[in-house]
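Q: If you read the sequence shown in UniProt numbering, its first letter stands for residue 1, the second for the next number, and so on.
One thing to keep in mind: the hints can contain errors.
Below 20 Å or equal to it, Euclidean Cα-Cα: the simulated EDC-like pairs (lysine to aspartate or glutamate) are [what the hints assert, rightly or not]:
1) Lys140 to Glu80
2) Lys140 to Glu83
3) Lys140 to Asp58
4) Lys57 to Glu125
DEER-style ranges, computed between Cβ atoms [as the list claims (entries may be wrong)]:
5) Leu164 to Ser87: 19 to 29 Å
6) Glu83 to Ile32: 33 to 43 Å
7) Arg124 to Gly33: 16 to 26 Å
Hint data in this document are derived by calculation from the structure and do not stem from the laboratory.
Note that the coordinates shown come from a computational prediction; the quantities given were computed from them, not determined experimentally.
Quick reminder that beta carbons are idealized off the backbone N, C-alpha and C, glycines included.
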Amino acid sequence: MTSVSTAPAKDPQRRAAWAELATDYVHEHGLIGLSLRPLAAKLGTSNRVLLYHFGTKDQLVADVLRTSNERSVAEVASLEPSEDLRSAVHDLWSVMEGDRCSWIYVEAAALGLFGREPYASAVREANAVWIAGLIAHLEKSGVGSAVAERAAHVIDAAFQGLQLSLGLDGSLPERARSVDDLADAVAALA
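All chains, full assembly: derive it from the sequences and hints.
A: This is the structure we're talking about:
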């Protein structure tokens, strides 16, 4: 398995700033069909400057995916401890439901399933960081390590399924019922 390695940054601070701005742009416009020229124009620079800092478009995309995932994990980390495992599912879903980062992940994961790089490697790396963030929240909420790890994987898989099956037009009552059912199922793991 190949991984998208981080190219040495010509100016690490500038590259990080561009990655943040590019992530904002991708959250607004989506990842699929991303073109450097419109992105650069929106950022007030040129595609050549972006390529200078990132090396390739693929590396810029990998940095955007990493930045987006870091934002999602930071939102989870900022949650107060949940009352119990059932509440944790609802608290974590509240992050997913309002998080544009998760839609970027879904786009990248879809492309990664076909083995397209940098998506496959970036998503693989993001998954490990995301699961660690879920486990940390569950442990912070008083869930034991073994149960937290099992629950995190179940929660993650179910959230991905909810995002794909209910999509943007999923009914709110149906979605809420599904999250309630998930919370009951995950609570039974304890």
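Q: Work down the list of hints and note, for each, if the structure agrees.
A: Verification of the supplied hints:
{"no.": "1", "hint": "Lys140 to Glu80", "result": "holds, 9 Å"}
{"no.": "2", "hint": "Lys140 to Glu83", "result": "holds, 10 Å"}
{"no.": "3", "hint": "Lys140 to Asp58", "result": "violated, 36 Å"}
{"no.": "4", "hint": "Lys57 to Glu125", "result": "holds, 18 Å"}
{"no.": "5", "hint": "Leu164 to Ser87: 19 to 29 Å", "result": "holds, 25 Å"}
{"no.": "6", "hint": "Glu83 to Ile32: 33 to 43 Å", "result": "holds, 39 Å"}
{"no.": "7", "hint": "Arg124 to Gly33: 16 to 26 Å", "result": "holds, 23 Å"}
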